[in-house]
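K.L.:
These protein sequence lines are chains X and Y, in that order.
Each residue of the first sequence is one higher than the one before, counting from 1 in the working numbering.
Each residue of the second sequence is one higher than the one before, counting from 1 in the working numbering.
Quick caveat, the hints were computed from the structure, so don't treat them as lab data.
Worth double-checking, as some hints may not be accurate.
[Stated by the list, open to error] Quick list of in silico lysine-lysine cross-link-like pairs, BS3-like style, CA-CA up to 25 Å:
hint, chain 1, residue 1, chain 2, residue 2
1, X, 146, X, 128
2, X, 85, X, 106
3, X, 93, X, 70
4, X, 3, X, 74
5, X, 74, X, 132
6, X, 74, X, 93
7, X, 93, X, 132
8, X, 126, Y, 52
9, X, 74, X, 128
10, Y, 53, X, 3
11, X, 70, X, 3
12, X, 146, X, 74
13, Y, 56, X, 74
14, X, 126, X, 146
15, X, 106, X, 126
16, X, 93, Y, 52
17, Y, 52, X, 3
18, X, 70, X, 106
19, X, 85, Y, 25
20, X, 3, Y, 56
21, X, 3, X, 93
It should be emphasised that the depicted structure is a prediction, and the values quoted were computed from it without experimental measurement.
In case you want the letters, here they are:
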Amino acid sequence: MNKLRISLLSGISLLAIGLLLSANPALEYWRSKHVEHVSASPFSVVASTLPPQQQYISGQPVRIEIPSLKIDLKVIDGYYNANNKAWTLTRDKAQYATMTAQPNNKDGNTFIYAHNRAGVFHDLSKIKVGDKVIITTENGHTFTYKFRTSQETNPNDTTLFTYRGAPILTLQTCSGVWYQNRQLFTFDLVEAN
Amino acid sequence: MYTGLLGAATTTTAAVVLPNTSGNKALAITAMISLTVGAVAVLTSAARMVAKKAHKA
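The whole structure should be built from the sequences, with the hints applied where relevant.
P.N.:
Below you can see the structure in the form of structure tokens.
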């Protein structure tokens, strides 16, 4: 076999490897496109559907469960470093953005983020409207949220941080073939104990 | 810093960007390099084969 043929076969092999490796993220991206999306921001003020409660309850989130996706993760605090524009992030846990509201029964947006990796938030794109998320806090409260909508946005979209209104939960992981986008999943609070 | 109840909430959002929660970036970079190098190898090999055949003819 001459050098040219070896070079050609090597090139074809590399192309095949490249296509195989990029197939999964491409498939995930395609799948995320089929989650119910909204064109308008999901962070406009919504009225609470919760019965009026006498007592304000809130707490530091320490656990997140999504039974329909078999996700059960420890939640730790996540901090933003304005100098390098980066958030603290672990490979195997979810992070609660401490600059947002703690889970509570009155108002605000609780923001939790994690990697788009197996065992973390990789399967979030499979979530369906109505699926529940349960957040447990360190002081023993549980907050149950129901999935409402999903939105793909760019890293500079900070509308979720300015939300005011009924208590909601936003989960985030990255999306796009090269993980260049941010996929936001919005949930409404339905129960607080 | 978030302070709690409705109306009293204040969040510092100046210059904040959303977290980079990407998946396996090494895999994505490997895929991109494989595709690029593979495409270059195929194109140059094919061009050289054509040129070689033309030279023989």
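K.L.:
All hints are to be evaluated individually against the structure, with a verdict given for each.
P.N.:
Outcome of the hint check:
no.	hint	verdict
1	146(X) with 128(X)	10 Å, holds
2	85(X) with 106(X)	30 Å, violated
3	93(X) with 70(X)	14 Å, holds
4	3(X) with 74(X)	55 Å, violated
5	74(X) with 132(X)	17 Å, holds
6	74(X) with 93(X)	6 Å, holds
7	93(X) with 132(X)	19 Å, holds
8	126(X) with 52(Y)	52 Å, violated
9	74(X) with 128(X)	22 Å, holds
10	53(Y) with 3(X)	15 Å, holds
11	70(X) with 3(X)	52 Å, violated
12	146(X) with 74(X)	19 Å, holds
13	56(Y) with 74(X)	68 Å, violated
14	126(X) with 146(X)	14 Å, holds
15	106(X) with 126(X)	29 Å, violated
16	93(X) with 52(Y)	57 Å, violated
17	52(Y) with 3(X)	12 Å, holds
18	70(X) with 106(X)	28 Å, violated
19	85(X) with 25(Y)	19 Å, holds
20	3(X) with 56(Y)	17 Å, holds
21	3(X) with 93(X)	50 Å, violated
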